[in-house]
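Going down the list, the sequences are from chains G, R and E.
Numbering-wise, this note's numbering puts 981 at position 238 of the first sequence, and it's gapless, one number per residue.
Numbering-wise, this note's numbering puts 80 at position 72 of the second sequence, and it's gapless, one number per residue.
Numbering-wise, this note's numbering puts 84 at position 77 of the third sequence, and it's gapless, one number per residue.
Hint data in this document are derived by calculation from the structure and do not stem from the laboratory.
Don't take each hint at face value.
[Claimed, not checked] Straight-line distance between alpha carbons at most 30 Å, and here's what the computed BS3-like set of lysine-lysine pairs gives:
#, chain 1, residue 1, chain 2, residue 2
1, G, Lys1136, R, Lys115
2, G, Lys1376, R, Lys88
3, E, Lys34, G, Lys774
4, R, Lys68, G, Lys1136
5, G, Lys1277, G, Lys1315
6, G, Lys1384, R, Lys68
7, R, Lys55, G, Lys1136
[What the hints assert, rightly or not] To give a feel for the contact side, a few chain E residues facing chain G, derived at Cβ under 8 Å:
#, residue
8, Ala12
9, Ser28
10, Ala36
11, Arg50
12, Arg82
All C-beta atoms in this analysis are idealised placements derived from N, C-alpha and C, irrespective of residue type, glycine included.
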Amino acid sequence: MATLGRALLILAFAVTIYAVVSALYGGRKRKPEWVVSSRNAMYALFGLLSIAFLIMEIAFLRDDFSFETVATHSSTTTPILYKFAAAWSSQEGSLLLWAWLLSGFSSLVLFLNRRRLQEITPYATAVLAGFGTFFTMLLVFSNSPFETLSIVPPDGTGLNPLLRHPAMMIHPPMLYSGYTLFTIPFAFAVGALVARRVDAEWISVTRRFTLAAWFFLGIGIMLGARWSYAELGWGGYWAWDPVENASLMPWLTGTAFLHSMMIQEKRGMLKVWNSSLVLATGTLAIVGTFLVRSGILDSIHAFVDAGNYVAFAFTGLICAMTLGSVYLVVSRRDILRSEHRLDSLLSRESMFLLNNIVLVAMCFVVFWGTFFPLISEAITGDKAAVGPPWFSKYIVPLALVLILLTGIGPVIPWRRASWANARRMFALPAVVAAITFVVLLVVSDAGDKPWALGLFTVAAFALAVAAQEFWRGTRARMAMSNEYPPVAFASMVRRNRRRYGGYIIHIGVAVLFIGVAASSAFQHVEDVRLDVGKTTEVGGYTFTYVKPTSTISIRDGGVEKINFGARMRVSKDGHFVANLDPARGYYPSNAPFAFGPVGRFFEGEATSEVRMDAGWTRDVWVSIAPDGQWINKVSDGLDEKLAKAPVEQQLRAVGGLAAFYRSNPPAATFRILVSPLVMWVWIGAIITFLGGAVALWPAPDAARRRARASAAARVAQDLGRTKAKTT
Amino acid sequence: MDPSRKRMIRLVVALTAAVFLASALVYTSFSASSEAKTPSQLLTSAKSGESYELTGKVVKGSIVQHGSTTLFRVRDRDGKQSVAVSYTGAIPDPFREGREVIVNVSKRTATGDTFVGERDSLVTKCPSKFSAEPQST
Amino acid sequence: MDVLAPLLIILVLGAVVWLISAPLRAKAAGRELPANVRDAQRRRDLEIERDQKYAEIRELEMDLRTGKLSEADYRETDRALRAEAVDILHALDELGAATAAQREADEGVPPVSDVAPAADESAPQAAVGRSRNTPDA
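Pulled out of the complex, with its shape left as it was, chain G reads as follows (with noise of 0.2 Å):
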């Protein structure tokens, strides 16, 4: 099988050379039928990959260790679960599973448009397979996933687990179907302005990837910041790791672009603008790629090391997408052109141009950061690194910009709105953003932390401007329709989903912003060291450490960890509030003899289990480092005990090193956290891609052959003659 699997690699790398080729053949000589073949090319190269990712997964699924990846990333004790993702948590079945994800929304898109802009899409298919090259060659001559091993092992490393987490699993295909959606508007971008079609229908075809693009992109990344928060020790969901910054970057120009492309489609203007986000998303969604392969960063996630064939290949392809996007826009800035002017500073076209600019210099600011050590290198010859405070100090500013910004676009008229309409649109939401003020002043001590007050208070009014309009709208669709409100609110809804959708995007926002600056400004945190039955204060709960505790996990007849913890109990002002268990749990090395029986334990990995009581208004959260000395001495001991002892015994061993800990405690470090409304991080998140899921939605054709007809009659008057429109 791994033969076969090698042989669809190969076939899958000419496949895609050959669709390069065919497509701009059939693109330069106006011959379709090449065209066509290069479609089916693409359709092809998803049937090939298919077909690999399938053998690899029954690989993993079956314990087929003469894959080697299967030995090195599975073992026949990893739940079947995690035996299916641990197919991506390789370097090269991560690689394929970006090909796959690639070849299949290629596909999807060549499928869906294959009557349609016929001139931009041989260069547009040409751009998607070559991608599709560069990826198969990575798979067929650096990285394969169906290496074999010559002499089979019993058993595989097993999975990492500290990567044994739901969230973990979906983590990866969320943040490849990200970059691999947002590959196909740069394409199209590509043939926009390489057959020199700039006009918005190649933004409309490609619009809903590059929503769908944004929405799997912004999962991705919330899903890492919550396991960051929910199953690492430090309580943190977010650290400005190269690696997040990786991915929050093209996320940032995307939305800028998905912004901007309205006024495109609308006004013709902005089409500089639209390019070059575009071009710059499809890049940094590649540079995020690369960057957590890649060694050049030192992050927490710098798997490989840096100077092999991979990174030389990636920055080969950034390097030539960055300069064929500068000379592409360059050269075509003559049809690049707007249509219209800026008429007015106070016009959405004006609002969507600052949101665009708060958006990429948000971009700069994580790419300077993050590429720092670099630049400094490049520049004293010293690498220096940038930490989070510097970055919060740029972002938080612009965070601010951008959420007044949310509040105020969607009530501005295009081209030129006049200022007593405007105060009369925003003074109901200024008002609730004062009085929010005001009560936050008086009544917490928000006042402390001004940039937190400004945030909050921009928040609210954000807030109240997406109420006002959810209201409006509703009220003047029951004028129109003489529907009940929620009848009138879903119709409302249904018939707009874009915009409505966007509200919802930007309530969930504005939300989100609202948990980030509650728990990162008045957070309370303590590492603190306490004996059994001792007490500590942190943010006005009481924490007694009440007793140890130890468990081992048995699995399949091994031992699979061992657990120490602690039971705390929580209080807040004499009142219970809960019972928190956090452990940390100790997985076995695999190497037994280079360890002794019961130390062995103590050299694998480590996990927290950190335990929270999660709240509307606040977290509490605990997570415990046991004693490390204690552990290796008492284990040490056992072990020399042990060295001659048979099987039984050393497990029992195990056992009773549990039981000694439950009754020997020694001291543990606890980690405690009083977080502010971090739960509504989450909430905002969630209303988010809720919000987007209304806007990715398609309105059914009733409704749209509806709305047609009713604007085709007006217009049709003007043409003085009656025109029945169905279609």
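Model the placement of chains R and E on the given structure of chain G, informed by the hints.
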């Protein structure tokens, strides 16, 4: 004022603001950054009071816990020279001897090779390719 | 397994070659791709533009009803949008007439009349001229 002149002014103002902000950003990044140094570099050129980003591998057998402070040594990736780090804060889950770490440190004013680790700045690199085995070297 | 693999590879190879060469074989056999492909594309592009314009008109009305626009602003913008929509509909009409003429020419039937007479263009052209040149300030 005719529209095109208004537009020119707007453009100039916007560009000036952008250049100004970009310069502020670039300037603060150089002043707020911590140089990345290996242990051998730290030993030769560390100035007391300044913060550095130390990268290297945790020396085997060097992890000692004193209360809520952890002491460990960090050595060059491919070398023998090492420095001692005194670190308070949460120890990341993957942290163990032989692994590569990144930690922000500053030199204690006293002489010697002990550095104080900045709270919560300790990052342990995930072992390559997600395998459960710690990689050798 | 050893015998199966090469067999499957040949099978897959055959399927791929068949799929990729299908349009080329169809062309060689004289089975033409749809005629007037270019016109069909232009028609669809115009239809997209037209639908977008209708959507804009509707949204503008919604803006008026939700109080974002004053009556005067609404009337002016609505007029402009409707004029743009008329242009698109005219272009579609021309395309329809041209396509019909092309088809008749292909079939050897002499055209009934010349398409897109210049005289009819003058009125909407004037409207185009007006709407495009109206100073928005």
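**OP:** Would you pick out the hints that fail for this structure and give their numbers low to high?
**Re:** Result: hints 4, 10, 11, 12 break, sorted rising.
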